Amino acid sequence: MVLINIDRLSDSELKYIAQQEEIDSWQNLSREELIEAIEEIYDADRTVSDINAAKYVNSISDAGSDVLQFPGVRPLPQSFSDSFIHMVQRDSCWALAFWNIGENLRNRIESLNAQLVIKTCALSNKDKIEESYEIEVGMHDTEWTVEMPWRYKNYKLQLIARTVTRDEIICESGTVYCAGCYVADHPELLKKEDSFKLLISPLIAKDGSVLANRDVALITETYRKETLK
Amino acid sequence: MKSRMNFIFHAHLPFVRHPEFPKFLEEDWLYEAINESYLPLLRMLYKLRNKGTSYHLTFSLSPTLCSMLSDNLLCERFVGYINSRIELGNLEIDRLSNEPDMQKLALMYRDNAKKNLQFFQEECKGNILNAFNALSNEGFLELITTAATHAYLPIYKNSPLAVNAQIETGLIQHIRLFDRSPEGFWLPECGYYPTLEELLKRNNVKWTSLAAHSLLLSEDKPQRGNYAPVKCPNGLWCFARDNNLTSLVWSATDGYPADPCYREFYRDIGYDLDINYVRPFIHEPDVRVFTGFKYWAVTGKTAQKVPYSPEVAAEKTKEHAEDFLKNVRNRTLSLEASLDCDPVYTLSFDAELFGHWWFEGVMWLEHVITSTAKQKDIELITPSVYIAEGNPVQTMTPAFSSWGEGGCSQVWVDTASNSTFVKHTIKSIERMSEIAVKFPNQKSLKQRFLNQAARETLLLMSSDWPFIMHNHTSEEYAKKRLTGHIQNLNLVYDNMTKNAVNTEWLVKAEKRNNIFPQIDYNMFNPEHLKKDSPVFTTDFTSEQK
Chain A
1 MVLINIDRLS DSELKYIAQQ EEIDSWQNLS REELIEAIEE IYDADRTVSD INAAKYVNSI
61 SDAGSDVLQF PGVRPLPQSF SDSFIHMVQR DSCWALAFWN IGENLRNRIE SLNAQLVIKT
121 CALSNKDKIE ESYEIEVGMH DTEWTVEMPW RYKNYKLQLI ARTVTRDEII CESGTVYCAG
181 CYVADHPELL KKEDSFKLLI SPLIAKDGSV LANRDVALIT ETYRKETLK
Chain B
1 MKSRMNFIFH AHLPFVRHPE FPKFLEEDWL YEAINESYLP LLRMLYKLRN KGTSYHLTFS
61 LSPTLCSMLS DNLLCERFVG YINSRIELGN LEIDRLSNEP DMQKLALMYR DNAKKNLQFF
121 QEECKGNILN AFNALSNEGF LELITTAATH AYLPIYKNSP LAVNAQIETG LIQHIRLFDR
181 SPEGFWLPEC GYYPTLEELL KRNNVKWTSL AAHSLLLSED KPQRGNYAPV KCPNGLWCFA
241 RDNNLTSLVW SATDGYPADP CYREFYRDIG YDLDINYVRP FIHEPDVRVF TGFKYWAVTG
301 KTAQKVPYSP EVAAEKTKEH AEDFLKNVRN RTLSLEASLD CDPVYTLSFD AELFGHWWFE
361 GVMWLEHVIT STAKQKDIEL ITPSVYIAEG NPVQTMTPAF SSWGEGGCSQ VWVDTASNST
421 FVKHTIKSIE RMSEIAVKFP NQKSLKQRFL NQAARETLLL MSSDWPFIMH NHTSEEYAKK
481 RLTGHIQNLN LVYDNMTKNA VNTEWLVKAE KRNNIFPQID YNMFNPEHLK KDSPVFTTDF
541 TSEQK
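So the protein sequences, as listed, match chains A and B. The numbering used here applies: residue 1 is where the first sequence begins, and numbers increase by one. The numbering used here applies: residue 1 is where the second sequence begins, and numbers increase by one.
Quick caveat, the hints were computed from the structure, so don't treat them as lab data. Remember, it's a predicted structure, so these values are computed and weren't measured experimentally. Ideal Cβ positions, reconstructed from N, Cα and C, are used throughout, including at glycine. Each hint should be verified, as a subset may be incorrect.
[As the list claims (entries may be wrong)] Computed from the model, here is a short list of chain B residues facing chain A with C-beta under 8 Å:
(1) 154
(2) 155
(3) 213
(4) 224
(5) 247
(6) 253
(7) 426
(8) 484
(9) 503
(10) 504
(11) 505
Extracted from the complex, chain B is given alone in its bound form:
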């Protein structure tokens, strides 16, 4: 039997863009992810391609992330961010002149930043999506999209217009940026409910990825467990995640990233060094943040850390890559008598785990790919390749599920933290639909006004803000974002009922929340669902991007 690994990397960040501030702390989420995950991953994938190594991986690029990655202002700010890392690296190399081991690390970080900048400017031409697209065009990557603002869709089951708006807008954004319709669609937080497949198929989606328990809990009898995809009665293919193998990487306590020799994420000079020294690289007023310069190894559950050794960690990544493949093979061996086909292991991860959270994760993945390319009994596949092979498939309807804590909607419908906003969001969707019905097919200023209301409604539905509130992390910012989008929608609603347009608001809102330039608010009109999805008919190839 052959082991088939279906790696899906989901790259997503919420839309954070504040042109009204010269520097905004939450925008750093994007710059850190680009510098520490996306560019290192792309550089590694380019390196393998240039060496002639064959691989097939799937990347889900969220529409909010794509919007930010192709935004001129944010790209300019990213270059400023990475130049400041290079500047900090130079300072660190000087500061550590009497500590050669530490200095070597400072040199490594500075050179990584330089290589990233060079790759960003030369290979990506200032837009990372170009590099993803190139690898996709050459058959190395399957690119897919997700809901427009990463809305957790099961909450909105009784608002099919809003769910459709999320799916349709995400797909149109992808087509606009990559000139092709994706076959797959990542469900935010793997959130699925029976009947969601109808809206996915309406928008020409061929496959999606689900949480690990989505098949076990089905009303139908699962035949092959998670070792083969299933097809919904309407023909949508579903690939359920393998919790056992992903936990080797993902587990907080026992996963590979927790190995004592790997780099400790939370020890950073942004927190450890004198405030006067790090001040130019943190945020005002003296808000300490991560700088990316980290010199200690995980070591153990103690404050006393040993210095980080990249050489030792690099050796460990080889060991862990081989261990992972050994686990895959052993699983396949154990399944030989039970399964009538080669097992497919769906291995979905947040892309930001690799490089950002787990510094050595990119190197680990490189070893997994390289080693797999040399084997005959194990291979990398993408869902579309699998589907095209015409393998036997069971037809069944998966169960309501997500990969969040508790396995369903508990994180996003939490009476202790975020349920108030669930109510306002659902009310806002109703109001958006109400004004879309009352004022269809508007032109000029009113059209812009209503389109901005549609943007605000989609941004309000993002899964990130309730998630943050549930976890008590950046709660204040999340609350302000949710409150702001609801207020904005209410403003349009109030104005339109008085047949007025607040132009001062409109200009400012369009400037800050400039996502989805192609949006059409009429998609919130119930008549819209009676027509064919514009995904089938929209041609953006001639549009200036």
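Only chain A is shown next, with the shape it has when bound in the complex:
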């Protein structure tokens, strides 16, 4: 929830944040300089309107929470003993792939001087590989964001060790479905007078902005083109 921007904060709040963030010479900075310095630290790649002022409150709340561990626990492992690859969908067309290669297998792959490959496979109704593409990854990589370019398909990933003579499939992920969209596939529907009222108006905010989603943006763009024809 974003209610208020950084420029609504008082000078004393800004100075307090700057102090917390250990900004050099914060005592001598003007208001504008403070805002600039804080924005740089927090959100170099975001717009000012994205900045949730709540962070300034919450960022100081770490004090007192440094003794949360229980007895007997061990640090998080950097890797696991087994080999696996997982696929988690991020949006309609992209998924996060992450994997682990067990130590023994890793040693063998390295000794064979094999190339690791992520194969993104679109499946037929009978779970046969219909389309695919490959990404070469390094032995130290553990994640990649993969595209699912074909709609109405299930996808799975294969982690492959490739040598000159053969491909060895190390492991496969579960499947992720890349759905289609009826409205996007039927732009003629958007020519109808009721389409805007029924389908698109509930997604448009008071200020005229459309809900931030790539597929929604494509549909509204199509709607505009269709109605301008």
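Start from chain A and add chain B according to the hints.
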């Protein structure tokens, strides 16, 4: 045509409970929400009920929040918190004796705290859930639940056991606390993926609420847009949010809360006054926090604020309530030729927006309810009432969606901030399932050990920690919480593979993370999904709460 408003207020906070510290900063999230949102909302709803005003609203109360609201330690600490607000109010009234306008505000805050405390002790009998339950029993509120620890479910699509554990545990917790099975289920962050409805129906859920674009992006042709609920092929009802009307309230830049005359949230004496003065009301070591005493109006995008006037703000809430209803009516008028039924507007909000973030939000809602009660062309409904009416409904499968930034899972699967923990969480779920299969139906100490592992797994899945990391807010605390739950699960996993139980760990973990006393780790065994959900068979009415 009649306009039908389906307000759904989602009340949720992550489970934060640290008995090992006498005072813990993150616990203030709960106390602030109780003092500034839940109690003011309940007081307003009681007032309307006592005046004979009819209303129908839906409240989603998350299982983590319910656990904290009914926790003796946290309730005692809340009373201490509110008494300290009263004490600060008294100090402020003295300090501002030469500034009558400001003093009036200090008096208002102190008296609000007193009224809240009185309501908490007399009407709620020390447990806010009692007041929600009473309003539900009288037909004013429909109470629903959500995933056990507010897990963002689409991430775990390929771990149906974990998704089911979240749904089932949330429902059982609700039944345990309210003696009835909820009809509805709030999807955390409105996160939906096709086939999720199968697990919801398995657990006897009748309806859920979805993000605004979930119907537009479906593979099926939407017939009535978001103006009527739809039914999944398996019979689950889905109500899609109206982004247009909710943006009137929600929008950061143009929403009602940004009006210049409303109270400025971020100007608080916890930050503005001398450290020696506020020290007893902030956290050690001199960590400034909000105290709730705020004297300035939003004014504009400037540091120079004008004093806050409650009278002017109160007038504005009436104006904004009427504006909201006017917008609803205008939308209905525009739909007359296009729609074959009365439009239903699903208006879902975080409950904490009202009172906490938007101080006047409770008053605005009161005006909306009061004004609606006097009208014939506009009414408040709840999903269960709508479903019972037998209205025509389209059968379709909604699209993968959430109400988060980007409309899908971008916030919770973010390679720049939280994806490392996604990996560990999925691995932890696999490990939990592995030990549940290897050691089924254990008794005594091992059962406790495995049950605690199940709690840690559920707590690890909370959507709040990756959200916080994505937004770069309380990152350190979020990382420590995630790391701690993973470490705890790993400890049980390592111990069980050696046929051992670490009792020192168990006692401490059970004491701190005491959520879900009824948990059964066997729900992480794949055999569990082959049986009927215990939601149908569990009777908790005789259980001591």
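Verification of the hints:
1. Interface hint at residue 154/B: satisfied, since its Cβ lies 7 Å from the closest Cβ of chain A, which is below the 8 Å cut-off.
2. The criterion of a C-beta within 8 Å of any C-beta in chain A is met by residue 155/B, whose closest approach is roughly 6 Å, and the hint holds.
3. Among the interface hints, the one on residue 213/B holds; its C-beta lies about 5 Å from the nearest C-beta in chain A, closer than the 8 Å criterion.
4. Annotation: residue 224/B was flagged as interfacial toward chain A, and the flag holds, the nearest CB pair being 6 Å apart, inside 8 Å.
5. For residue 247/B, the shortest C-beta to C-beta distance to chain A is roughly 4 Å, which falls under 8 Å, so the interface hint holds.
6. Interface hint status for residue 253/B: upheld, as the beta-carbon distance to the closest one in chain A is roughly 7 Å, under 8 Å.
7. Checking residue 426/B against chain A by beta carbon gives a least distance of about 6 Å; that is within 8 Å, so the hint holds.
8. With 8 Å as the threshold, the beta carbon of residue 484/B comes within range of chain A, its nearest partner Cβ sitting at about 5 Å, so the hint holds.
9. At its closest, the beta carbon of residue 503/B sits 10 Å from a beta carbon of chain A; the interface hint therefore is violated under the 8 Å criterion.
10. Proximity of residue 504/B to chain A holds as hinted, the smallest CB-CB distance being about 5 Å (cut-off 8 Å).
11. A distance limit of 8 Å between C-beta atoms decides the matter here; for residue 505/B the minimum to chain A is near 5 Å, and the interface restraint holds.
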